[in-house]
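From the two separate chains plus the hints, produce the assembled complex.
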Amino acid sequence: MRHIISILLENEAGALSRVAGLFSARAYNIESLTVAPTEDPTMSRMTLVTNGSDATIEQIQKQLNKLVDVIKLTDLNEVRHIERELMLVKTKAAGDFREEVKRLVEIFRGRIIDVTDATYTIELTGSGKKLDALLEALDEKAIIEVVRTGITGIARGENALHL
Amino acid sequence: MGEKLRGAEILLKALADEGVEYVFGYPGGAVLHIYDAIFKQDTVKHILVRHEQGATHAADGYARATGKPGVVLVTSGPGATNCVTGIATAHMDSIPMVVLTGQVPSHLIGNDAFQEVDNVGITRPCVKHNFMVEDVKDLAMTIKKAFHVATTGRPGPVVVDIPKDITADVAEYSYPDSVEMRSYKPVTKGHPGQIRRAVELLMSARKPMIYSGGGVVIDNAAEQLIEFTRLLGYPITQTLMGLGAYPASDPQNLQMLGMHGTYEANMGMHQCDVLIAIGVRFDDRVTGNLEQFCPNAKIIHIDIDPASISKNVAVDIPIVGSVSNVLSEMNKLIRASQFDPMDMEKDAWWEQINQWRAIDCMQYDRSTDVIKPQYVIEELSRLTNGDAYITSDVGQHQMWAAQYYQFNKPRRWINSGGLGTMGFGVPAAMGVQLAYPDETVCCISGEASLVMCIQELSTCLQYGLPIKIISLNNRYMGMVRQWQEFFYDRRYSHSYMDALPDFVALAESFGHVGMRVEKTADVSAALKEALAMKDRLVLMDIVTDQTENVYPMIAAGKGHNEMELSPVSGGPGTDRELS
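Chains as they are written, first to last, in the numbering used here: chain A, 7 to 169; chain B, 1405 to 1983.
The following block holds chain B by itself, in its conformation from the complex (with noise of 0.2 Å):
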C-alpha cells in the first residue's frame, strides 16, 4: 500500500522518482499548492526564470545536452500560454520535455475563469501528447505515461495540465515501474531484410554520399554513424541539427549542406548516385527544389517516425527503426562482408569532391580591421578546441556558428533548428550550463535575438551561471537584411536595430560582466579573457560588419547545383551600401 498523499505532494515524488534534477519554472495562482510541496523537499531543484518562455528554452537546452528530459512547471492562462513558443521549438527538433501547466479548479473549467485557457486545447497541434489530470488518483500514472512518450519513439514534449483542486485532493501514492500503452508502441529494430538490401544497395555505389541528422544526436548513435562512415569510406554531409555527430575535423566530413551548406556537400548530393538518409527529415531548407533533389539517386532513408519518411522525398529502401538499431546492423553486415572501404587518394568520386572542396567556399576576407563575424567563431572555435556547448538564437550568427564552429562531439551544437525561435539562446545556455557546471558554454548570439530573452539575465546571475555571450553585433536582423538585399532590392524595411541599448552597461545593471570589442585585432584577447573569468557571465557586444552575408547560398527553391558563392571564393556578390 502506498502512503497517502496531496495531489502537489505526489507530483513532487513522482518527479523524484523519475529522476528529475531541475525543474524550470514561475509560480502562480493555480500551482500554489505545487510550489509549496516544493518547498517542502529538497529532492527536485527548482530553477526560477524570469518568464516562462525562459522555462521552456532552458529545459529544452538541458535535453538537448543531457539526453534527459527538460521539466518545465508554470501557473495556469498567461503562464501555459507563454510556454508555446518554447513547446513548440522542442516539438519541431524533438526534443523530449514534460510541461506541467496548472489549471483552473475543475468545478470552475470552461467559465472563463481568471487564469483560465483551454491549454490542452492551445498546445495540441505543437506537442508529442497532451494530457488534463481528472483525478488526482490517475495523477502518478499521468506523470509516469508523460514521461513515457516524451523520451521515447521519436521524442517530443508533452504537456500534463493539472487543475488546482487535483493537487489539493488526497491519494494513495504509488508510483509505477512501466507503463503500458495500447495504442502507443514505437518501433526501435530496423526490418533485417530492408538492412540488408540497403547494405548491398551502399556497397555497389559508386558515387555514394551519406546525409546524417539530428536523429543520430538524439538517438546517441554518433560512435555508430563513425563506424559506419570510416566501413565505408564514403564522404558524408550533415544537416544543421546533426552537427558534431561526426567530428568536423574528419577529412571525410564535407559539413553542413542545405541552404547555407558547403559547396562540396550540396554538389556532391546534387551527383550522388545513392544516398543514404539517416535520422534526417528532408526539410526546405536542406532539400532545396524537390524536382531537382538528388536527381540520379537511390535513396535509403533510415527514420523512428514512420511518417518522415516518405513525406517529403519519395525513398526507395525505407527503413523504420532507430537509428543506433540500424546503424550497428548494418555496421555487422559492412564487417563480416569484408567490404574495402572507398579509398580517398585514389577514387574518382573523392577526386571529384576535393575539386569541389578546392574552391574552399567557406573564405571571408580575414584583412579587415572591422570585425568579421565568421573570425570571431572561428576564433572561438580554437580557443575551446570545438569542445565547448555552443547555444545560438536564430539568424546569420547562427548560420556562422554552424558553420565556423567545428564541432567534433555530439550534443555540443544547441539551436532552434527546425522552429527558428529567436531568443533560444540565453535560457538554452543556463539549461546547459545547469546541466555540466564545469564546462564552458557560450551563447552565440546577436543583437536582436539576445533581447528577446534578456530578462533570464537575472536567472543566471540567482543561479551563478557562468554562460559566456557572443553577440555579434551588426545593428541589423542579419538575415533580414541579406534577404532583402538579395530580393528586395534593397529595400531593408523594418530590418535595422535602432536604439539599441549599451550593452556593456545592460550586462552590468544585471550584476554580469559586459565587453565591448570593435576592431579585429582585439577579438582573439577578448576571447581569452571572457573564456578565462570561470566564474562570471559575461557578455560580449562584438561590433562586426553590418554588410557581411551568409555563404554559400541556395536561394529557397533553388536546386542543390544553384549555389551562390561569396564574392572572396568567386561568387559574383552584390554591390552593397547600406543606409
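Okay, chain A solo, but in the shape it has when bound (with noise of 0.2 Å):
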C-alpha cells in the first residue's frame, strides 16, 4: 500500500543521502521524495511515498527513526491528511489547440505561466490523480515537457508534526 511519510530532520549536508542510502540498502521503494528548510532553518521536512506492506512500512518507520538526523516523523496515512504536489507542462499551443488547451486548464483550474506564439507552460497544484488527469486529458503530442514535484502533505485539523 502507498504510504506518505513526513520526516522531520536536521538540515545537515548529508541528511537527505542518509534517508536516500538507507531505502537502497535495504531495497525500500521511493516513488517520490521532496525536501526543503523549514520555517526554523537548522531542520528540513521531508515527504516521501513509499509503498510496502505493513510490515515493511512499520520497518521503514523504524529504520528511519534510527537515523541520527531524524528528528520526528509521521506516516500522514494515519491522520486524516491533504497531499498535494505542482506541475509544470509546456504543451504546443498552435491555431486550435491554443483554445483548447486553455480551456482544459481553466476545468482543472490551472494557470498558463508562460505563453509564446506556439507554446503555453501551465501550472497545476492538487492531487497526483489531479495531476495525472490533465496529463490525461491533453493530446499526448502536444506535451513537450512535464515537470512534477512530487507530493507533500500535510494533517488536517489540529494534528502537527513539529518540535
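One should not assume that every hint holds.
[What the hints assert, rightly or not] The calculated BS3-like cross-link candidates involving lysine-lysine, where the alpha carbons are at most 30 Å apart (straight line), are: (1) B:Lys1444 <-> A:Lys72; (2) B:Lys1589 <-> A:Lys68; (3) B:Lys1472 <-> B:Lys1715; (4) B:Lys1776 <-> A:Lys72; (5) B:Lys1813 <-> A:Lys78; (6) B:Lys1593 <-> A:Lys72; (7) B:Lys1962 <-> A:Lys68; (8) B:Lys1813 <-> B:Lys1938; (9) A:Lys78 <-> B:Lys1548; (10) B:Lys1938 <-> A:Lys72; (11) A:Lys78 <-> B:Lys1593; (12) B:Lys1962 <-> A:Lys78; (13) B:Lys1715 <-> A:Lys68; (14) B:Lys1813 <-> B:Lys1736; (15) A:Lys72 <-> B:Lys1702; (16) A:Lys68 <-> B:Lys1702; (17) B:Lys1702 <-> B:Lys1750; (18) B:Lys1962 <-> B:Lys1776; (19) B:Lys1472 <-> B:Lys1938; (20) A:Lys78 <-> B:Lys1541; (21) A:Lys68 <-> B:Lys1472; (22) B:Lys1472 <-> A:Lys72; (23) B:Lys1548 <-> A:Lys68; (24) B:Lys1444 <-> B:Lys1472; (25) B:Lys1715 <-> A:Lys72.
[Unchecked claim] Simulated restraints on C-beta separations: (26) A:Ile88 <-> B:Ser1741: 44 to 54 Å; (27) B:Pro1529 <-> A:Ala61: 16 to 26 Å; (28) B:Ala1517 <-> A:Glu89: 38 to 48 Å.
Quick caveat, the hints were computed from the structure, so don't treat them as lab data.
Computed from a predicted structure; not experimentally measured.
Even glycine gets a Cβ: it sits at the ideal position worked out from N, Cα and C.
Dropping the structure here:
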C-alpha cells in the first residue's frame, strides 16, 4: 500500500543522502521525495511517498527513526491529511489547439504562466491523481515537457508534525 | 574562557578528556598535524599498526573486551578506505568505536585531490553515524557527540572526517560535559505494562525457552540474566554473540543455538511454547527457515533498538529498552510473585530436554592420531579454566571455538559474528591484550584467516603483546570446503590452501615463537608450553584433520528440527575423500 511519510530532520549536509541511502540499501521503494528547509532553518521537512506491506512500512519508519539526523516522523496515512503536488507542463499551443488547451487549464483550475506564439506553460497544483488527469486530457503529441515536484502533504485539523 | 589551541591539539585534549587510553592508528599526509600533536603529549597512547584494517579490529577487540569505545586514527584516502571492513565489522556487532579519518584540506574537497576520497559517503551505510568537521570551533563538540552516539543506545561505530586545515586552525578549547541532541534520544527504560505482561506470560509457560544474545554482553547485563534464568528455572540458549553472558558450565544452559547450535537448543526452540528473546536480532544463522521458526511459541522480545523488533520475526510482546533495565524490572516482579522455579529433576519439559541432551551432539572421534580440531579447543578450554580471552577469525575454527570453549564469563569471546570478517582475530587480540596485559589472550584461527592480517605480528612485537595464536591448519578454507562437500558434490573449487608458508619460520621471522604440532598426543603439552610463555607471542601451527566438519548443522533454509548430526553422534555424515 502507498504511504506518505513526513519527516523532520536536521538541515545538515548529507541528511538527504542518509535517507536515500537507507532506502536503496534495504531495497525499499521511493515513489517520490521532496525536501526543503522549514521556518526554522536548522530543520528540513521531507515528504516521502513509498509503498510496501504493513510490516515493511513499520520497518521503514523504524529505520528512518534510527537515523541520527531524523528528529521526528509521521505516517500521514494514519491521519486525515491533505496532499498536494505541483506540476509545470509545457505544451504546444498553436492554431485551434491553443483554445482547447486554455479551456482544459480552466477546467482543471490551473494557470498559464508563460506564453509564446507556439507554446503555453501550465502550472497546476493538486493531488497526484488530478495532475495525472490533466496529462491524460492533454493530447500526448502536444506535451513538450513535464516537471512534477512529487507529493508533499500535511495533516488536517490540529494534528501537526513539529518540535 | 578556554585556552587557544590548534585543531590537532584540541583533538588530543578532547580524546584525553574523553578518557581515551589508546588510539590505534597509522600516519599519513592529512593527519600530520595530529601526529605532531600526539608527539607532544603523553596522555593518549598511540599504537602503530601495520595496516589500517588492523587498527579498526584492534580498537574493536579493545571495545569488546572492556566495554569502552575503541578509537582509530588514520589518514585520508586509502587510510580511510582500508578501515571500511573494520568499521562494517563493528557496525554489524554493535561495537562502540570512534574512527577519526584525515581529509584533504577544505578548499581541495571535491577536486579529486591526492589521497582524497568521499569518506563520509563511503562509510555512511556501515556506521551508526558520521560527521565531517567544517569549522575548528565545532571540533570539540563533534568529538563529544561522536563518543555519545557511539556508546549510547545500540552502540556502533562513528566516523569523524577532519580536513587537514581544521587541524591547523586555532580555536578556544573547552570540552563539553554533556551533549544534547534533539534528534537522538535512545530509550533505555522498558514499558512497565509490557514488562508485566511479559512476566505473566513467562510464568504461565509450560515449555519455555530463554534465547539471549550479544545485547546482554554489550549492556553488561550478565548478572541480571543469571538471576532471571535461575528465578525461573528455565532452559537458556545463547547466540554466537551471547556466549559467556550465561556460564557455559551451568546445567540450565543448553549452549549455542542456530546453524551450528546444539541439538537440545534447537529442538527446544522448535517445540517451546513461550520464547523470550533478550538482546538478539533473529539473525538468519539463528532462525533458519523463518516459516518454521518456533511454530508454537508466543514470543517476547527485549531490545534497545526498536528496529530489531519484529524485523524478521513478528513478536507478541515487544519491549524496547536496555536489557539490564528490563531484566532488573522483570526480576523484581518474579521475586515478588514467589514463583517456584521449574524443577529440573521433575518437570516434563526438562525431561524432554534431557532426552535431547542424551544424544550428545558434540561427540567427535577421540581415537585418532591425526589431530581433531575440537580436541584442541577442549584442551585449551580446560587448561585456561574457560577464563581466557578468546578471539577468533571466521570459519570452521570459529564455530568449534564457540562450541567447545566453555565461556563462563562475558566479554571473553570476541569474534566477528555479523559481518564474518576473516583477518579479525589477530588484531582484535592485540586490542584485548593491551587492555588486559596480564590476562591470557588467545586467537583461535585457521591458516586461511590468519594470513589476512598477518602483518600485525610486527605490531605485537613492537608493543610486547604476548598473544597465543592457535591456528587450526587443515590446508583448506574449511567452511567453504564443508559447504562444497555438502552442497556442491565435493567440487572443491579454490578452497584449498596451496603454497602455504612455513608458519614456524614465519613467526620466527617476525621475532616471535613458532610451534608446529602434528599429533593428538602432543597437543596438550604444546598448549601448556605455549601458555607458559607469558611474555612471548606464540604462533601454534596445529596440523588438523582435513576432513572434519562442523556439526550439528542446519542447512540454510531448513528448520530447527532439521539438524544434521555428526556421524559420531548418529548422523549420516558423508563419505569423504579429499584431493
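Margin query: Of all the hints numbered above, which does this structure not satisfy? Sort the numbers upward.
Written below: Structure breaks hints 1, 4, 5, 10, 12.
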